[in-house]
Amino acid sequence: MRNFQGIHPTALIGDNVTLGTNVTLGVRTIVYDNVVIGDNTVVGADCILGEPQAGIYSDPEGYRNPVLNIGSGAIIRSGTIIYAGTELGAHFECGHRVTIREGARIGHHVRIGTLSDIQGHCDIGNYVRLHSNVHIGHKSVVKDYVWIFPYVVLTNDPHPPSNTLVGVTVEEFAVIATMSVILPGVTVGSNALVGASSLVRSDVPDEAVVVGNPGKQVASIRDIKSRFDGSPVYPWCETFDRGMPWEGIGYTAWQQQLRDGQSG
Amino acid sequence: MRNFQGIHPTALIGDNVTLGTNVTLGVRTIVYDNVVIGDNTVVGADCILGEPQAGIYSDPEGYRNPVLNIGSGAIIRSGTIIYAGTELGAHFECGHRVTIREGARIGHHVRIGTLSDIQGHCDIGNYVRLHSNVHIGHKSVVKDYVWIFPYVVLTNDPHPPSNTLVGVTVEEFAVIATMSVILPGVTVGSNALVGASSLVRSDVPDEAVVVGNPGKQVASIRDIKSRFDGSPVYPWCETFDRGMPWEGIGYTAWQQQLRDGQSG
Amino acid sequence: MRNFQGIHPTALIGDNVTLGTNVTLGVRTIVYDNVVIGDNTVVGADCILGEPQAGIYSDPEGYRNPVLNIGSGAIIRSGTIIYAGTELGAHFECGHRVTIREGARIGHHVRIGTLSDIQGHCDIGNYVRLHSNVHIGHKSVVKDYVWIFPYVVLTNDPHPPSNTLVGVTVEEFAVIATMSVILPGVTVGSNALVGASSLVRSDVPDEAVVVGNPGKQVASIRDIKSRFDGSPVYPWCETFDRGMPWEGIGYTAWQQQLRDGQSG
Numbered sequence: 007m008r009n010f011q012g013i014h015p016t017a018l019i020g021d022n023v024t025l026g027t028n029v030t031l032g033v034r035t036i037v038y039d040n041v042v043i044g045d046n047t048v049v050g051a052d053c054i055l056g057e058p059q060a061g062i063y064s065d066p067e068g069y070r071n072p073v074l075n076i077g078s079g080a081i082i083r084s085g086t087i088i089y090a091g092t093e094l095g096a097h098f099e100c101g102h103r104v105t106i107r108e109g110a111r112i113g114h115h116v117r118i119g120t121l122s123d124i125q126g127h128c129d130i131g132n133y134v135r136l137h138s139n140v141h142i143g144h145k146s147v148v149k150d151y152v153w154i155f156p157y158v159v160l161t162n163d164p165h166p167p168s169n170t171l172v173g174v175t176v177e178e179f180a181v182i183a184t185m186s187v188i189l190p191g192v193t194v195g196s197n198a199l200v201g202a203s204s205l206v207r208s209d210v211p212d213e214a215v216v217v218g219n220p221g222k223q224v225a226s227i228r229d230i231k232s233r234f235d236g237s238p239v240y241p242w243c244e245t246f247d248r249g250m251p252w253e254g255i256g257y258t259a260w261q262q263q264l265r266d267g268q269s270g
Numbered sequence: 007m008r009n010f011q012g013i014h015p016t017a018l019i020g021d022n023v024t025l026g027t028n029v030t031l032g033v034r035t036i037v038y039d040n041v042v043i044g045d046n047t048v049v050g051a052d053c054i055l056g057e058p059q060a061g062i063y064s065d066p067e068g069y070r071n072p073v074l075n076i077g078s079g080a081i082i083r084s085g086t087i088i089y090a091g092t093e094l095g096a097h098f099e100c101g102h103r104v105t106i107r108e109g110a111r112i113g114h115h116v117r118i119g120t121l122s123d124i125q126g127h128c129d130i131g132n133y134v135r136l137h138s139n140v141h142i143g144h145k146s147v148v149k150d151y152v153w154i155f156p157y158v159v160l161t162n163d164p165h166p167p168s169n170t171l172v173g174v175t176v177e178e179f180a181v182i183a184t185m186s187v188i189l190p191g192v193t194v195g196s197n198a199l200v201g202a203s204s205l206v207r208s209d210v211p212d213e214a215v216v217v218g219n220p221g222k223q224v225a226s227i228r229d230i231k232s233r234f235d236g237s238p239v240y241p242w243c244e245t246f247d248r249g250m251p252w253e254g255i256g257y258t259a260w261q262q263q264l265r266d267g268q269s270g
Numbered sequence: 007m008r009n010f011q012g013i014h015p016t017a018l019i020g021d022n023v024t025l026g027t028n029v030t031l032g033v034r035t036i037v038y039d040n041v042v043i044g045d046n047t048v049v050g051a052d053c054i055l056g057e058p059q060a061g062i063y064s065d066p067e068g069y070r071n072p073v074l075n076i077g078s079g080a081i082i083r084s085g086t087i088i089y090a091g092t093e094l095g096a097h098f099e100c101g102h103r104v105t106i107r108e109g110a111r112i113g114h115h116v117r118i119g120t121l122s123d124i125q126g127h128c129d130i131g132n133y134v135r136l137h138s139n140v141h142i143g144h145k146s147v148v149k150d151y152v153w154i155f156p157y158v159v160l161t162n163d164p165h166p167p168s169n170t171l172v173g174v175t176v177e178e179f180a181v182i183a184t185m186s187v188i189l190p191g192v193t194v195g196s197n198a199l200v201g202a203s204s205l206v207r208s209d210v211p212d213e214a215v216v217v218g219n220p221g222k223q224v225a226s227i228r229d230i231k232s233r234f235d236g237s238p239v240y241p242w243c244e245t246f247d248r249g250m251p252w253e254g255i256g257y258t259a260w261q262q263q264l265r266d267g268q269s270g
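Residue numbers (our numbering), protein chains in the order written: chain A, 7 to 270; chain B, 7 to 270; chain C, 7 to 270.
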């Protein structure tokens, strides 16, 4: 089966689909009407791009599929379903069987893990990392450089079931560890760290460490030392750079470059 | 690809399959032997209906597939797998990649979200709402108008691993918020509310609010006021009607109609 | 559609694939290059075996797929994805849409439930049981006869995000109940029992019962009595035998047989 590139003969492609140069569509992938895919994007097997919204069931004749825009340089692994009416920035990458519903606006250089469920009508910034099986509720706002680990849920209904949804906001560089739940309307502050299995009921200050059920602030991220050598670990941008724009030069130097560029 | 209706030529259909009028079977959907699908049902791409039970592996020649019955007016989204030997009532609707195993009896007007895992040998009533990624263990009983949110697990084994399973019972109108676990044999009472990330180890009284790990009763649902306007929120049937039989008229008037009809 | 056996005509098979005798490959299953499948293995529909590793995206021309070895007598249900560069022992069985990434070494007689996500670069012993939706992080070591229930996560990053991963070790016969999280570097002792929804931050002694968030030792497994008849339940190998090598004869007699065999 060699290393397949190009449009596989079993792929099904709808009307008014725009494919950039050097796009690969894997075995049996379905692209519905009105999908735009940027250059050099690779789509795996059994994906569905431009999945029709619910309106198709109530009015199958009159339904028109909204545009799905997928940026250039994306890697979309097999079994992923992305609805019509969503925007994905450049260099998107995801695992298998991800679901992204309508009305999601997703920035560039975002990675989303296997089985994650993006409910749509949400904003996800640039360089965001969602690990496997993350659940992002409607109306969530996830800003740049946020990390969210497996089985985290961003909720939105303060009085379930109701019609008054209030999203969660996660500020830049915040980290939410596995199995935590963030209740509706909560803001997780910049560079904050939410420990595993926490239930976060109220706003988390910038740089705070919150753990427990119910979640309580127990420290500042600046109190955390490496268990290996005792050195400071957070803010993580100063100790980790893989896949980040400051990779190889460090966050401080990169910031300086940005300032030099702006002033230059 | 227009708005496809009908039996897609790539669908595979087994022996003794009964399709109602105006049924749609999506791209590459597989329908195994002895499946009955009601009128006006729409099945998405890549579904498997009538998945054979485990007996086929031990006796592939002698195995006969039990009947799967799917009611009329269902919407079954792509990637869903429903086993042989299950019953789904009318107006069923589900998200993507749902799994429903054998011996599940599911009422009418039920909605089940993406990736939910119904283990089978369980009873689910009418107008039940399961959000994404809900896990319903064997022997669970979920009654009418129950709402269960993402990553909730209804367990069944008091001494894992053992052969003495004891299911959970969730009474009418109860609500279980995200990431909660209900331990084996527990009954969650009518109109009760289990908060997010709770571990429920003992029976929950009707109309009780239980939160925490371990879960404790902290209030009555009648104590909860809207965070927006301070008005009562629960019982939710009095403040929410979308998709419910009292939609547009209110629960009280609907109940009155039922009484009038019975006496009329 | 009869009870299908053999290689389905819609299956796609790559180069240098070795199939044992009496192998079934289901509808539309994809087998990439350099996969070895043992005798009498049954692979369901829509599976992907030998999924290429990430290197294919950076060097599609030069990439060569590592070997995936699947032992004899396996049952792999539909939608499962197993990466190249992994080893599965004989009599493996899994549910639907399981993901197993590269560098996983999995023993014999292992069962893995629907939607479980094995991140790869991990060791899983013999007769291990993972229920639905279990997440095994990189560098985890799960020894023989371990049981792990739904939504459990074995983590690995003590300072997320970082490059210094430290896996969890789960010793023989340990049981981890649903929705529990084991933090990086923790060892769960032999025959220990971690209760549902626990957050385990430190090593669990052999035969200890740990529950809560944070998890605390509350008992020995020998203190637990059956809720049905008051008899001891643990160590579970003495009260449960389904699918185990001591099935029908009991653990003690089986151990005696092993000793007799060794000395005979």
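Bear in mind the hints are in silico, worked out from the structure with no lab data behind them.
You may find that some hints are simply not true.
[Unchecked claim] Lysine-lysine pairs mimicking DSBU-like chemistry, simulated, CA-CA at most 30 Å apart: (1) B:Lys222 with B:Lys149; (2) B:Lys149 with A:Lys222; (3) C:Lys222 with A:Lys231.
[Stated by the list, open to error] The following residues of chain B were derived to be distant from chain A, with all beta-carbon distances above 10 Å: (4) Ile19; (5) Val48; (6) Ser64; (7) Gly85; (8) Ala96; (9) His102; (10) Arg111; (11) Tyr157; (12) Thr184; (13) Ser208.
[To be verified] Computed footprint of chain A on chain C, listed as stretches where at least three residues anywhere in the stretch have a Cβ under 8 Å from a Cβ of chain A: (14) 46-57; (15) 154-161; (16) 164-176.
Everything numeric in this text was worked out from a predicted model, so none of it was measured.
Positions of the beta carbon are idealized from the N, C-alpha and C atoms, including for glycine.
Verification of the supplied hints:
As the CA atoms of Lys222 of chain B and Lys149 of chain B are separated by approximately 23 Å, the hinted pair is consistent with the 30 Å bound. At most 30 Å may separate the alpha-carbon atoms for a hinted pair to count; Lys149 of chain B and Lys222 of chain A exceed this at roughly 36 Å. For the suggested pair Lys222 of chain C and Lys231 of chain A, the alpha carbons sit about 24 Å apart, so the restraint of at most 30 Å is met. No beta-carbon of chain A is positioned within 10 Å of the beta-carbon of Ile19 of chain B; the least distance is around 18 Å.
With a least beta-carbon separation of about 6 Å from chain A, Val48 of chain B fails to lie farther than 10 Å from that chain, contradicting its non-interface assignment. At the 10 Å boundary, the C-beta of Ser64 of chain B stays outside the reach of chain A, the nearest C-beta of that chain being 29 Å off. With a cut of 10 Å on Cβ distances, Gly85 of chain B falls inside the contact zone with chain A, its closest approach being about 7 Å. Distance check on Ala96 of chain B: its Cβ is at least 15 Å (rounded) from any Cβ of chain A, clearing the 10 Å threshold; non-interface status holds.
A beta-carbon of chain A is positioned within 10 Å of the beta-carbon of His102 of chain B; the least distance is around 6 Å. No beta-carbon of chain A comes within 10 Å of the beta-carbon of Arg111 of chain B; the shortest separation is about 24 Å. For Tyr157 of chain B, the requirement that its beta carbon stay farther than 10 Å from each beta carbon of chain A is not met, with the minimum near 6 Å. A cut-off of 10 Å between C-beta atoms contradicts the statement that Thr184 of chain B is not in contact with chain A; the least separation is 5 Å.
A cut-off of 10 Å between C-beta atoms confirms that Ser208 of chain B is not in contact with chain A; the least separation is 18 Å. For a cut-off of 8 Å, the count of residues in the stretch 46-57 of chain C with a CB near a CB of chain A stands at 3, and the three-residue condition holds. Coverage of the stretch 154-161 of chain C by chain A holds in this model, with 3 residues showing a Cβ closer than 8 Å to a Cβ of that chain against a need of three. Evaluation of the coverage hint for the stretch 164-176 of chain C: fulfilled, as 7 residues show C-beta separations to chain A shorter than 8 Å, against a requirement of three.
In summary, the numbered hints that this structure violates are 2, 5, 7, 9, 11 and 12.
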